[in-house]
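Visitor: Each chain is listed here by its residues.
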Amino acid sequence: MLEAFVQNLVFGILLGALYGLAAVGIAMVFGVTKFLNVAHGELLMLGGYACFWLFNLFDLDPFLSLPLTIFFLLVIGTVLYKLFFVRMVKLPQEEKIKNTMLVGFGLSLILQNVALMLWTADDRGITTSYSSAAFSLLGVRFPYVRLAGLFISLVCLFSLQLFLRRTYTGKAIRATVENWEAASLMGIDIHKVYLLSFLLGTALAGAAGALVSVTFSVDPSMGMHWTLKALIVMVLGGVGNFMGTFVAGILLGVTESTTAFFMGGNYREVVGLILFLLVLVFRPQGLFGQKER
Amino acid sequence: MLKVEALNTYYNDLQALWGISMEINAGELVALVGPNGAGKTTALKTIVGLLKPASGNITFNGEKLINETVHKIVELGISQVPEGGGIFTGLSVLENLELGAFVPGARKFKDESLKWVYEIFPRLEERKDQQAGTLSGGERQMLAIGRALMSKPKLLLLDEPSFGLAPIMVQHMFEVIGEINKQGLTVLLVEQNVHAALDLAQRAYVIENGRIVGEGKGDTLLSFESIRSAYLG
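Protein sequence lines correspond, in order, to chains R and D. Reminder that position 48 of the first sequence reads as 48 in this note's numbering, one-by-one numbering, no gaps. This note's numbering runs 293 ahead of the 1-based position in the second sequence.
Everything labelled a hint here was simulated from the structure, so no lab data went into it. Don't take every hint at face value.
Pairs of lysine-lysine, PhoX-like flavour, derived with a Cα cap of 25 Å [unchecked claim]:
| # | chain 1 | residue 1 | chain 2 | residue 2 |
| --- | --- | --- | --- | --- |
| 1 | R | LYS192 | R | LYS90 |
| 2 | R | LYS192 | D | LYS510 |
| 3 | D | LYS345 | R | LYS192 |
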């Protein structure tokens, strides 16, 4: 009983790390640009397919091909930004959120259907020689592939933090999040900061997608599920604190897995959503967010 | 140095500036005074490119500023301290100052500028590792001005540096502004604190309802009957 519970907890954490990674991407874009890109899940789906095909066609190891997947997503991200999102940079915040959301929904439909046309509705997963390998500790299984997912998520997160804290560009991004007008008065080119943040978000979506394709599977309609999870986690954690967002992701993963353990798989998402509503009502700035000063 | 000609600026359909013209020469400290809502902040925002004028002309050392982006204008050597300071509260004091030297031309001299700013505001050096959000009102204003100086500007635009400060801090702030000007920096000072601003400035413009209604030497304007009755009571 206890072993099964701990096993569940471990899987919850490992899944939650992927929620966290997806959410940090969407939060990165939203925090800086106030673009609510609801096609984030579809970008993640594209990352998953990129990783799958690189493995399937060229026999490239999914972890080694990660830079390629990310590069592919950067290209897609640049195209989407230049075609659509750049037009909404100058809108007032409210309109920006609404319009980008609409564009995001449109994009999500288009990308889903393109994926369906190109790759059919089949579930695709990557099965490597080490896919089922795991080590056991006190009767609890730790699959290597999922542990690698957690590790890569953490690496992404810490490099992002380091970039934001230590580099001039990173500081410019943080300044823009707080006050874009004052940031532009520093001589910061806001358009460049926006593009960069959008691309960082896309790259994170790509990485998350690749990890999903190795640990679970990908299909054309998976995007909305991941967008919703990412949005819930972003609100749970509070905007503007990526560590908090990531921790909130793990929290959601654990909540889901324990709920499934005690109440059955049908209720998997219910408690997570209740938690989400409670946070919205009692702590609208999110669990780790700070109140506006 | 800065020449503003017949500037008309709108907020959507609402005209905020009506044919404003001003000139600021190198080394001067010029004040722009007027009541709340007269268009002082709008004028500054238009100069620095945050607002696009419908018509008119702005040149800075012979270069046209109209249609330039804000970051380009900052690179040319105009630095603005926005109303309320606009400091980045989640960043440390030092990070705020570093961002002041963001433009490539200023980044090279970052350490030098930092020494200069710490000389002017020793308080900032004491607090350099503190989060800017924990600073007092006066310290925030020091940080805002210090940050603007980090870009090594040729022209400094100050929007209400005395706003919300305790009287003793206001006095200190005006002394500092005068001192910076004496060191050779050209300053355009926007103020509601008319008396102090006119006292400090060599020249001043009076703005009302989006129009320039008066211009002259600071102390001359100070003795104007209309200004006395309107602002000084």
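Visitor: Run every hint past the structure and note whether it holds.
Guide: Results for each hint:
{"no.": "1", "hint": "R:LYS192 / R:LYS90", "result": "holds (13 Å)"}
{"no.": "2", "hint": "R:LYS192 / D:LYS510", "result": "violated (43 Å)"}
{"no.": "3", "hint": "D:LYS345 / R:LYS192", "result": "holds (20 Å)"}
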